[in-house]
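Residue numbers (the UniProt record's numbering): 1 to 375.
Just so you know, the hints here were simulated from the structure itself, not pulled from any lab data.
Small disclaimer: the values here were computed from a predicted structure and weren't measured.
Pairwise CB distance ranges (calculated):
(1) Glu224 - Leu323: 37 to 47 Å
(2) Ser236 - Glu169: 20 to 30 Å
(3) Gly282 - Ile310: 20 to 30 Å
(4) Gly314 - Glu53: 34 to 44 Å
(5) Leu323 - Asp366: 40 to 50 Å
(6) Ala11 - Leu290: 18 to 28 Å
(7) Glu64 - Ala356: 43 to 53 Å
(8) Val327 - Asp366: 48 to 58 Å
(9) Leu323 - Gly159: 39 to 49 Å
(10) Gly252 - Ala11: 37 to 47 Å
(11) Asp69 - Leu318: 51 to 61 Å
(12) Glu53 - Gln136: 22 to 32 Å
(13) Gly282 - Gly13: 11 to 21 Å
(14) His175 - Gly150: 19 to 29 Å
Ideal Cβ positions, reconstructed from N, Cα and C, are used throughout, including at glycine.
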Amino acid sequence: MFLAWRDMRFARGRFALITGVVLLMTLLIGLLSGLTGGLAQQNISAVRALDGERVVLAAETFDESELTDAQVEAWNDSDLVENVREVGILRFTIDAPEADSGSTEAAGADETGTSAPGISAAMFGGAADSPARDGQVALSPQAAEDLGVGDADQVSVLGIDLAVDVLAEDRWYAHTPVAYVTMSDWQEMQTRLGRDDVAATALTLDVSDNASEAGDASVDDQLEALAEESSTTVNSNLSSLLAIASLRSEIGSLLMMVGMLFGISALVVGAFFTVWTMQRTGDVAVLKALGASTPSLMRDALGQSLAVLIAGVGGGILLTAALGLAVSGVVPFVVAWYTTLLPAVLLIALGLVGAAFALRSVTQADPLTALGSAR
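Produce the entire structure from the sequences given, and follow the hints as far as they go.
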């Protein structure tokens, strides 16, 4: 990198300009990736926390799924699966406790003495985080804060009084805070809504060892056959996330924008390095005339591109992480390896691809030009 280091040392302005552009593009992609991850978490965190290798639904989405007793029994009776667990999901309003009219210090009361309004929540019944006893509810911290309640306070859902236990971390379903109840309480809520025939929203289960020994068909084929017989669908825990309607509508658009930004970044970096490389064609021709090989000059140019990309992308990722941590409590934003390190690696790789297209002036530089053949 004989020429590259000297070029960057004496052309500090161009080096700073390209590095700044790469930094800003990295910042833009990093912030959008963090926001995409944050929005995804507010859709899927409760579903991701469900136990089981597979998820069974009665429809394409969780909101539409209503499993009957017969469908639940069909899966419970099958030797292909084990640890079948019923899970109920119901979005409804949790009402705050009534404030004491003689005291404004009652839970959920504001300075006027009126009780805090209820909030919409996703009631999960039968999940791993559900309470052990009926008459209790495990609230996400955000839901508890919105309701103005804490541990051992009382809230009500459809007239059912529930004692509050606040979870250690927030859980979300389709941008709605989650509240966990027992399956019995969840079914009582369905009864009060006139849905006595709904046994559960979903089933979580594990594949038993018998599945691999039952005939020549693959495990997936056997499960699909059982799902068809019971008029249900079965998916892996990860694939079932696409059954959250709001996730499908949001994540596709955001990922498309991130992908377009990656492509634009490669194009912009390639254009910058093309102009930069063309400006030093004479220097490259002199080095060729002095005996420098074309491969060594190509390594020099790509090394220079890599140095610029590392500096710009590194600075952009550091800014992304700092800004993300600062706003994570205000907006849904995730600072993780897949919103920082992964975009950084992709940007550097795509930047090098763009820079590789700028090597034409290096490979075709004529050493005779440096010896005065043009005169």
